Each structure stands twice: as structure tokens, then as C-alpha cells.
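Participant: Here is how the chains run, residue by residue.
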Amino acid sequence: MKEKEIDLNKILAIRNKVILDKPLIHCITNHISINDCANIVLSVYGQPMMAEHYKEVSDITASSDALAVNLGNITDDRMKSIMISGKRAYEEKIPSIIDIVGVSCSKLRLDFAIDFIDKCKPSIIKGNMSEIKAIFGLDIKSKGIDVNDEDITSDETLNNNIFIVKSLALKTNSTVVSTGAIDIISDGKESYIIKNGCKELSRITGTGCMLNVLIATYLSSRDIINSAILGTVVMGISGELSKGAKGTASFKINLIDNISTIKDEDILDKIKISVVK
Amino acid sequence: MKEKEIDLNKILAIRNKVILDKPLIHCITNHISINDCANIVLSVYGQPMMAEHYKEVSDITASSDALAVNLGNITDDRMKSIMISGKRAYEEKIPSIIDIVGVSCSKLRLDFAIDFIDKCKPSIIKGNMSEIKAIFGLDIKSKGIDVNDEDITSDETLNNNIFIVKSLALKTNSTVVSTGAIDIISDGKESYIIKNGCKELSRITGTGCMLNVLIATYLSSRDIINSAILGTVVMGISGELSKGAKGTASFKINLIDNISTIKDEDILDKIKISVVK
Amino acid sequence: MKEKEIDLNKILAIRNKVILDKPLIHCITNHISINDCANIVLSVYGQPMMAEHYKEVSDITASSDALAVNLGNITDDRMKSIMISGKRAYEEKIPSIIDIVGVSCSKLRLDFAIDFIDKCKPSIIKGNMSEIKAIFGLDIKSKGIDVNDEDITSDETLNNNIFIVKSLALKTNSTVVSTGAIDIISDGKESYIIKNGCKELSRITGTGCMLNVLIATYLSSRDIINSAILGTVVMGISGELSKGAKGTASFKINLIDNISTIKDEDILDKIKISVVK
Numbered sequence: 001m002k003e004k005e006i007d008l009n010k011i012l013a014i015r016n017k018v019i020l021d022k023p024l025i026h027c028i029t030n031h032i033s034i035n036d037c038a039n040i041v042l043s044v045y046g047q048p049m050m051a052e053h054y055k056e057v058s059d060i061t062a063s064s065d066a067l068a069v070n071l072g073n074i075t076d077d078r079m080k081s082i083m084i085s086g087k088r089a090y091e092e093k094i095p096s097i098i099d100i101v102g103v104s105c106s107k108l109r110l111d112f113a114i115d116f117i118d119k120c121k122p123s124i125i126k127g128n129m130s131e132i133k134a135i136f137g138l139d140i141k142s143k144g145i146d147v148n149d150e151d152i153t154s155d156e157t158l159n160n161n162i163f164i165v166k167s168l169a170l171k172t173n174s175t176v177v178s179t180g181a182i183d184i185i186s187d188g189k190e191s192y193i194i195k196n197g198c199k200e201l202s203r204i205t206g207t208g209c210m211l212n213v214l215i216a217t218y219l220s221s222r223d224i225i226n227s228a229i230l231g232t233v234v235m236g237i238s239g240e241l242s243k244g245a246k247g248t249a250s251f252k253i254n255l256i257d258n259i260s261t262i263k264d265e266d267i268l269d270k271i272k273i274s275v276v277k
Numbered sequence: 001m002k003e004k005e006i007d008l009n010k011i012l013a014i015r016n017k018v019i020l021d022k023p024l025i026h027c028i029t030n031h032i033s034i035n036d037c038a039n040i041v042l043s044v045y046g047q048p049m050m051a052e053h054y055k056e057v058s059d060i061t062a063s064s065d066a067l068a069v070n071l072g073n074i075t076d077d078r079m080k081s082i083m084i085s086g087k088r089a090y091e092e093k094i095p096s097i098i099d100i101v102g103v104s105c106s107k108l109r110l111d112f113a114i115d116f117i118d119k120c121k122p123s124i125i126k127g128n129m130s131e132i133k134a135i136f137g138l139d140i141k142s143k144g145i146d147v148n149d150e151d152i153t154s155d156e157t158l159n160n161n162i163f164i165v166k167s168l169a170l171k172t173n174s175t176v177v178s179t180g181a182i183d184i185i186s187d188g189k190e191s192y193i194i195k196n197g198c199k200e201l202s203r204i205t206g207t208g209c210m211l212n213v214l215i216a217t218y219l220s221s222r223d224i225i226n227s228a229i230l231g232t233v234v235m236g237i238s239g240e241l242s243k244g245a246k247g248t249a250s251f252k253i254n255l256i257d258n259i260s261t262i263k264d265e266d267i268l269d270k271i272k273i274s275v276v277k
Numbered sequence: 001m002k003e004k005e006i007d008l009n010k011i012l013a014i015r016n017k018v019i020l021d022k023p024l025i026h027c028i029t030n031h032i033s034i035n036d037c038a039n040i041v042l043s044v045y046g047q048p049m050m051a052e053h054y055k056e057v058s059d060i061t062a063s064s065d066a067l068a069v070n071l072g073n074i075t076d077d078r079m080k081s082i083m084i085s086g087k088r089a090y091e092e093k094i095p096s097i098i099d100i101v102g103v104s105c106s107k108l109r110l111d112f113a114i115d116f117i118d119k120c121k122p123s124i125i126k127g128n129m130s131e132i133k134a135i136f137g138l139d140i141k142s143k144g145i146d147v148n149d150e151d152i153t154s155d156e157t158l159n160n161n162i163f164i165v166k167s168l169a170l171k172t173n174s175t176v177v178s179t180g181a182i183d184i185i186s187d188g189k190e191s192y193i194i195k196n197g198c199k200e201l202s203r204i205t206g207t208g209c210m211l212n213v214l215i216a217t218y219l220s221s222r223d224i225i226n227s228a229i230l231g232t233v234v235m236g237i238s239g240e241l242s243k244g245a246k247g248t249a250s251f252k253i254n255l256i257d258n259i260s261t262i263k264d265e266d267i268l269d270k271i272k273i274s275v276v277k
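Residue numbers (my numbering), protein chains in the order written: chain A, 1 to 277; chain B, 1 to 277; chain C, 1 to 277.
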């Protein structure tokens, strides 16, 4: 663990770049948390565009600064548009991220995600550890969209999970973000573990989807690994800052409030990140 | 009215069972309140799964502990998936609930609901009194999704409405929940009236949909009538506890906060339920 | 600028009419902000109906007191239903409003909006100044759904933009609402500029969509130009009253709270409107 190797100033600089650039972030995401996702992009001064009609998404992706797609509550129409936009992003060299939500409990989504990654070569693949394992080719079968107990990243499973995340990054030539109480991020060369966050984040829906579009907003900077780190850390620390809410709905309000107002000092003060070689 | 016949401890025990079991609740519901619905399931420690693609819903229902479906803002795709999941739930003996929202103002929904009830035999049918009457076969024509004035359960209409709710329960072999200022719940044998709640609940959208998934979460216990009672009471009392909010948006935040933090003592203190023979 | 020519009492009277009438407002709108839109209608005592199935929308529109449609996050199914409802509203002489969101960045939406306006003759056309210009036939190409910098209504562009808004009103025989820091409203005869609002309104998603259904709710009064003015002023002043929130999520809660509780005195005290001849 060599914390000094992380250039926090470079990571934090992405925040200011977004404020200045007001990047257009094309999001094709599920309707469960689509409102929260648009608000997250706006909260950090990005400009969200949630278009999903197959006749308009290609041009909209081409005019965007980053693309975020998400497999939650998937439909045929949205799968079609996600593939069109993913291909266009790849052709135009626009950075992209896919949230592979549900690939561990739905063969439909797993097959689609593998096809998307193969054809569109996203900059970042994000999922919980069961989903990452499923994409990696392991025989994972979850009940619902949450991580299986045995896949959770803990002290016992840490090394094995880092190996899988790193291997998937090498295999796909993407940066891989495995979310959980312990997050693992790897581009195949460098790997990082992040321990920010709190259990309240799992008591509201859509925090994973919000993280996906938050990373996408930072990804407009084209600094892939640092965008993944920054988004993960901002979400985790904003969660920590939101604790003590009266109930789950107030926690969600606090969370978005904190994402919209978090300061560099909060991040420097609370970040829990380590490099793994 | 014999209040002593209600075993409140048995009803309240369902809450703890859900906290321990973290049941997977498959919800196929409208997109107006889908975010709130997922958050309600999470707020009482259930695990929501909002999948609605016809190619994945059958397997997801089969792995779930309860199924909640809802006719709000209906689409062809969602009708198809609701029917697939309803049939699978029936085959697998997984408890299910249908919110028949809009059957009193849309023949499309009425025909579909009748077909669903016939083929899928849901554990619980939930609607306002106009919707319950429409399903029962009375010639009801509403303007919008709200109850017609003449159908509202009041002191004058109470006995007639109880008769209809009980008769529909007997006819369908389901438990029927008629919501309103006075709620009526019947499994055809026992009937109950509940007078919790407040008028502010009708000033925000989706409280009916939230009640549907709240009952579904408790329904994972397979104690059908008590789940219906518990969900109705928790929603009503949480509404009462949320009064005095600055405006309608704060009321909704309070409501979900209170559902996520309500204690057994709050329920015992405020419950207004009577048995009707 | 002749402020005395505006009959504020006539405008404010619409609010009480809505409280008494509880009008049914049929909204076919995007799913990003559909929950907020339903809550806005309810917050001012309207009754929202968000149905969008092509088999039920015609009858539902016919039973409604106003129709609001919106092109955000458009789908084939929703375009089909919007056209059916728009035609029915026109036939039944039910007032209607279209939010032409995205017509400046999507040819699909531009073509559809032009066709809708031609066939359904909406009472009100609402958009930002880039969208209004695009509908007027100017060659506008935006990046995303926000107004282009050069189209923003400012002291320099004011006269030109008023000319376009008024000309579009005359051309379409509709009232046109151009939203922005400076709003322009014209029915082709009288034109108004409104300077209420605050920059925080652009840091959350859906304020334009909420304004659309707010105007629709007032439009049930059939006083077209005054409904447009009232909705625009209520949204702007409620935004001003919501300033100082902890972050963007709290601002949104404040906004809806204030729309649900705003008083005539608040409006009389803060309104910034001028007539332009």
C-alpha cells in the first residue's frame, strides 16, 4: 500500500475542469433512478442528456463529451439504443462507461453486456463483484441485483477479487470498477482500493446508477482511471457526510446535497485510498 | 367491532421477519413512482428488483419472495411482462399483489386486470373503492384515477362497501384491500376496517403504488391478510407522523423517513383497526 | 413597459378556480421528471393523469380539463400517443400545451413538433429560445437540450427575441412561452416579459417540464395567456423563495414545497412582469 503514489491534485483538478467545461453527458439509463442521475450530472456542473430514441441517440452521442449506459430495468428499445450509442462513442473516441447492473441474475443482460464490451470497448466497466465475476466468465448466479455474500470484497477475498478486477481490465482493455464496501479499481496496470462510503448507501435505490453518471461526468476529462477514482471517492465521502439523517429519504437528499457542495478539503480529509501493485 | 380479536403481535412479527430475511421483491410497476417504490422496499429492509423485460421476468419472479404488479401508466410491454410474472408466481406458489390503478377509467386496464386475476390468482387485489367496484362488475366510470365521490367509504356507504370488498374476496379467492380515508380489507372470512392516514397522503403521487410494494414486502412472509393489514397501517401511521411538513415535497420525504424508522410502539399507539363480522 | 395594464387579480383568480375545480390534467411527459410533474399538478390541487398507452389516451384526454405533452426522452410509443391525444384535445376544444424540449438538438423531435403543432394546434407552445427559434424555422443546432449562448434573451437580444416569439404566436395561432432568465410570453397581440426566477433552477432537472404541467393545470381555466403568465411567475418566484438551500436536492424540495404553499401576497410582492407593445 503506497498512498504517496497517488496524485490527488491531478484527480481533484478534474472537478474544476468539469465546472469550467460544463460537459454534455449522454446517459442511457434505467427509469428507476433516471431523475436522480440527471440531477447528479447537474449537481457537479455537467449537462445531462437522457435521450434514448434509436433515431436520435447516435447524433447525440457524437455531440457529447462522455457516454454513460446502464442495464437496469432493461428494455429492447434501450438495448438497441445503448448499442448504437456505444458504437458511435467508440468510433468518435468519446469516453464511455457501462454499468453492468443485473448481469449476475439475468442471462439476457449478461449476453448483452459481453456483446457491448466486445463491440464498443467502453473506457470503464462498473459493477458489483458478482457482476464483475459474471462478466469475467465465472459461473455466478445471484438472487436479485445485489452482490452475493461470498463475492463481497473482504480481507479474505481481497487478493482474489483484485486479481479478477485486474484480469478483466487486461482482458477488455478497459478500466474496471468493482463497487462495494471496499471498492477495487484497476486499469490492468495500476490497481487501487477505496474504503470510503457507508452502509446507508445501500438503503436507497440508485446509488450505483448515480455513481455511473458521476464517473461519466468526470470521464469527459478523458483521464480514465482518475475519473473512476474521483467519482467513487466523491460518492463514498458524500455518503459519509450524509450520515445521521432522520430516515432513508432524508439520507438521499443529504447525499445529493453533499455531492453538489463537497469541497476539495473534504475529499483530502476523508479519502481512504491505497495503491496495490 | 371487536378489536381484541386482532393479534397485533402476529402482525408486527412480520416486520422483524423481513428485516432478518431481506426478501427479494419483484416489482413491475409504473415509472411515475418506480423510484419511490424501490426506496420503500429498501426502507423496510426488503431487496427490490424492478425488472420488466419479458425475457427475464419469469426467472426473476421465480427467484423472488413476492411479486407486486401495478397497472399505472401501463404499456403493452409491461402488460406482457406482468402476465408472464403473474403466471409464474402462481405456478411457483409465490405470493403476489396487483394494484388495479385506473381500471375505473380505462377499459384497457379493466379487461387486463380481470384477465390477470382470472389467470394468475393474486394473493391480494388492491384498489380504491371505484376500482374495486369496477373489478366486481359494477358499471363504474371515473374521471381520472381517483375514487368517485359516491364510491368513497363513509359512514353511509360503509356497510355496502364492506359487502362488495368481502364479496370480491370470495369471488376471486383473494384478499381484497380497498384504500381510502377508511380502508377495508377482507379475505372473505374476516373483514377489517382501518382508519389511519391523513389527507396529505392524497396531495402527493404514488402513495398507492408505495403501499402496494410495502404490502408485497410483508407478503413475503406468506401471511396474506396480516401483511395487507400491516402495510396499510404502516403507510397510514407514517402519514400521520409526517403531518406539519412545510409543503408537499417535504411531506413525501417525511413519509419515507417515517416508514424507514417507524417503531412497533408507534404502531401499537396509533393503530385504528376494527374487525367486522 | 406599462405594468399597470396587467390585471393581476384576473391572473391570481385562476389559482382559486383550480383549487375549487380540482381539474383533471392529462400529462404525456418524459420519465425523467414524470414523478415531479405529477407532484406539481397535485401541489396546486389539480388531479394528474399520466396515461400514455395509445389505446387509452384518447378517451382520457376527452375526459380531461387540459392536456400537457412533452418531447423529452421521446419514444415511438409516446409520440404516437401524444399525437392521438393532441388531435382529440383539438377536436374536443380542450386546451393543450406542448413542451418542445430538444427540438434544437434532434431532427426527430423538430419534425414531430412541427407536425404536432400543425395538426393539433396547441393552445401554448413552450420552449427555450433555441427551441423557439428552431420551431420558427431558423437553422438552430444546439448541443444538448440547453439554450445556445447566442440565443439567450439578454438586453441585446431582447427585441429580436420578442419579435420571434410574437411572430411564432401569429404564425401558429398559439400562445408562445420562451423560458430563460428573461421569459417572453406572447399571444401575437400582447407580449410580456417576466424576470422572476434564479440560477439555481437550472441546477436541477425537470424545472421546464414542471413548468409545462403547472401551466397546463392553470390552463384548465381556459384563460390561455394568463395561465401562461401565472405558471411562469409561480415557478420563478417559488424558485426565488427556495434560495439558500443546502444543496441542489434540498433546493428541489424547497421548490415544490413553495409551489404548494405560495400565497397571492408572495406573487404580488415579487412579480416582475412588463407588457411590451
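Bear in mind the hints are in silico, worked out from the structure with no lab data behind them. A quick note: this is a predicted structure, and the numbers were derived from the prediction, not measured. One or more of the hints may lead you astray.
Said to hold, decoys possible - Where chain B lies over chain A, by a calculated footprint (3+ residues, C-beta under 8 Å):
hint	region
1	72-83
2	224-235
3	240-254
Ideal placement from N, C-alpha and C gives every residue a C-beta, glycine not left out.
Participant: Now tell me if each hint is right for this structure.
Facilitator: Verification of the supplied hints:
Interface restraint, the region 72-83 of chain A with chain B: holds (5 residues with C-beta to C-beta distance below 8 Å; minimum three). Interface restraint, the region 224-235 of chain A with chain B: violated (0 residues with C-beta to C-beta distance below 8 Å; minimum three). With a threshold of 8 Å between beta carbons, the proposed coverage of the region 240-254 of chain A by chain B holds, since 8 of its residues qualify and at least three are required.
Violated hint for the displayed structure: number 2, the only one.
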